[in-house]
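J.: These are the residues of each chain, in order.
Number of protein chains: 2
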Amino acid sequence: MDRRVVKTRKEIRNALLSLMEEKDFEVITVLDITKRANINRGTFYLHYVDKYEMLEKYEQELFEKLEHVAMEYLQDDDTMDKFLHSRYPAIVHVFHLLQEEQELLTILLKTRGFFSFQDRIKNTFIYMFRNNIPFKVSEHPFLYPIEFLALFASAMFISVIQYWIQSDMKQTPEQLAQMVWDIFLKGPMGAFGVLPFTE
Amino acid sequence: MDRRVVKTRKEIRNALLSLMEEKDFEVITVLDITKRANINRGTFYLHYVDKYEMLEKYEQELFEKLEHVAMEYLQDDDTMDKFLHSRYPAIVHVFHLLQEEQELLTILLKTRGFFSFQDRIKNTFIYMFRNNIPFKVSEHPFLYPIEFLALFASAMFISVIQYWIQSDMKQTPEQLAQMVWDIFLKGPMGAFGVLPFTE
DNA sequence: CCTCTTTCTGAACACACTGTTGTATAAAGT
DNA sequence: ACTTTATACAACAGTGTGTTCAGAAAGAGG
Numbered sequence: 157m158d159r160r161v162v163k164t165r166k167e168i169r170n171a172l173l174s175l176m177e178e179k180d181f182e183v184i185t186v187l188d189i190t191k192r193a194n195i196n197r198g199t200f201y202l203h204y205v206d207k208y209e210m211l212e213k214y215e216q217e218l219f220e221k222l223e224h225v226a227m228e229y230l231q232d233d234d235t236m237d238k239f240l241h242s243r244y245p246a247i248v249h250v251f252h253l254l255q256e257e258q259e260l261l262t263i264l265l266k267t268r269g270f271f272s273f274q275d276r277i278k279n280t281f282i283y284m285f286r287n288n289i290p291f292k293v294s295e296h297p298f299l300y301p302i303e304f305l306a307l308f309a310s311a312m313f314i315s316v317i318q319y320w321i322q323s324d325m326k327q328t329p330e331q332l333a334q335m336v337w338d339i340f341l342k343g344p345m346g347a348f349g350v351l352p353f354t355e
Numbered sequence: 157m158d159r160r161v162v163k164t165r166k167e168i169r170n171a172l173l174s175l176m177e178e179k180d181f182e183v184i185t186v187l188d189i190t191k192r193a194n195i196n197r198g199t200f201y202l203h204y205v206d207k208y209e210m211l212e213k214y215e216q217e218l219f220e221k222l223e224h225v226a227m228e229y230l231q232d233d234d235t236m237d238k239f240l241h242s243r244y245p246a247i248v249h250v251f252h253l254l255q256e257e258q259e260l261l262t263i264l265l266k267t268r269g270f271f272s273f274q275d276r277i278k279n280t281f282i283y284m285f286r287n288n289i290p291f292k293v294s295e296h297p298f299l300y301p302i303e304f305l306a307l308f309a310s311a312m313f314i315s316v317i318q319y320w321i322q323s324d325m326k327q328t329p330e331q332l333a334q335m336v337w338d339i340f341l342k343g344p345m346g347a348f349g350v351l352p353f354t355e
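Protein chains in written order, with our numbering: chain A, 157 to 355; chain B, 157 to 355.
Hints listed in this document are in silico derivations from the structure and should not be mistaken for laboratory results. Some clues are possibly wrong.
A pair counts as met if it fits within one copy or between any two copies, since identical chains are not told apart.
Pairs of lysine-lysine, DSS-like flavour, derived with a Cα cap of 27 Å [to be verified]:
#1 Lys326 to Lys163
#2 Lys191 to Lys326
#3 Lys207 to Lys163
#4 Lys238 to Lys191
#5 Lys163 to Lys221
#6 Lys207 to Lys266
#7 Lys179 to Lys191
#8 Lys266 to Lys213
#9 Lys166 to Lys191
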């Protein structure tokens with residue numbers, strides 16, 4: 157790709173990241189971005205339809221990276237135990253990636269909100285639940301449709317990310333992965349320290 | 157309150173609800189709203205600063221109703237069992253209210269997204285966790301900070317609502333309350349039909 | 001019913017940002 | 001060196017915003 161294109165898009169991206177530290181996406185104009193990026197306003201429109209499409213493309217890029225990592229770890233586990241052990245490093249890896257992209261991640265969650273990002277993650281979960289759940293698990297009768305569980309898993313996943321961002325990303329990816337597993341396996345009350353139905 | 161004010165605000169609200177069936181909030185203009193509402197554009201600004209403040213106020217109203225219902229059911233339960241039984245009707249009641257307000261609810265979740273709505277719900281959960289958890293539960297060591305659990309509970313709650321809307325609100329409030337409890341107590345995997353650590 | 005007050009209307013205004021276009025220039029690719 | 005392509009500059013019409021003001025309409029209160 158033309159070096160000028162690479163440079164321009166990089167400057168647009170940096171301009172947005174910089175502006176987002178000052179104000180919300182909604183009130184940022186194309187003019188703001190191009191001023192900050194030191195490019196002509198018309199040039200912006202050579203690359204993106206509008207500021208919303210720009211953000212969508214950033215989201216798409218990030219999600220593709222995440223998905224790529226997630227798919228690397230896909231494997232057939234024939235027992236629950238193997239399943240748990242093979243998933244943990246995948247989650248850790250994903251959180252490492254998110255840590256590298258924290259500015260963009262924060263912006264995407266704040267602006268595009270839960271749903272667009274969550275929808276993508278949900279679909280990935282649906283795929284994984286359909287194709288990558290150990291045989292022993294899928295012998296169980298599902299109490300709820302798989303779409304609901306995927307929705308729920310993605311909401312949980314994003315909640316952990318949200319918590320991470322709100323607490324200034326102090327936790328390590330390993331700690332986060334642990335949190336995800338705890339809640340996924342034990343449920344909120346279980347993670348709270350209360351085992352279900354034991355008293 | 158002046159009948160004209162009541163009438164105007166009602167027409168603005170209906171206009172928005174009507175327009176949202178055709179296009180997203182972002183592309184709806186004040187002009188669109190006032191045309192549909194058959195009022196002067198200037199009149200809109202006598203009531204709201206802009207379209208965003210308008211939506212915030214709608215959200216505020218809905219949330220206050222929800223909170224009011226939730227608080228009605230607050231009581232001191234000294235056992236886990238009493239706690240579970242006293243909470244269930246509260247959740248059912250909340251879902252009934254949400255069913256009545258389904259158009260607005262759908263718009264708020266689609267537009268304002270997860271976060272603003274979730275933040276309010278989260279804070280309510282924090283309050284309830286702090287003040288309304290049976291004594292026996294709070295004897296347990298908390299594995300995670302209460303803010304995280306409140307965040308998570310609110311995400312779960314909204315996920316159920318999301319699922320409800322996506323499936324055209326076919327489920328009854330009672331079924332939804334059951335789902336919430338299932339996941340809250342058993343966790344996603346447990347609700348999936350897999351008991352944790354049993355194999 | 002009458003009066004006073006509030007709200008709404010209609011029209012106009014400056015303003016900001018948008019998205020596009022045409023020409024010129026600079027920088028890349030080959 | 002030559003061709004292609006990206007960007008700059010500047011101008012344009014268009015759309016929506018938020019505000020203002022005089023006048024009309026409707027409600028509130030006696």
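J.: Next, verify each hint and record whether it holds.
T.: Now the hints, each set against the structure:
no.: 1; hint: Lys326 to Lys163; result: neither (32 Å within a copy, 51 Å between copies)
no.: 2; hint: Lys191 to Lys326; result: neither (34 Å within a copy, 50 Å between copies)
no.: 3; hint: Lys207 to Lys163; result: within (18 Å within a copy, 37 Å between copies)
no.: 4; hint: Lys238 to Lys191; result: neither (53 Å within a copy, 61 Å between copies)
no.: 5; hint: Lys163 to Lys221; result: within (21 Å within a copy, 51 Å between copies)
no.: 6; hint: Lys207 to Lys266; result: both (15 Å within a copy, 19 Å between copies)
no.: 7; hint: Lys179 to Lys191; result: within (15 Å within a copy, 31 Å between copies)
no.: 8; hint: Lys266 to Lys213; result: both (16 Å within a copy, 20 Å between copies)
no.: 9; hint: Lys166 to Lys191; result: within (14 Å within a copy, 42 Å between copies)
In this structure, the hints that do not hold are numbers 1, 2, 4, in rising order.
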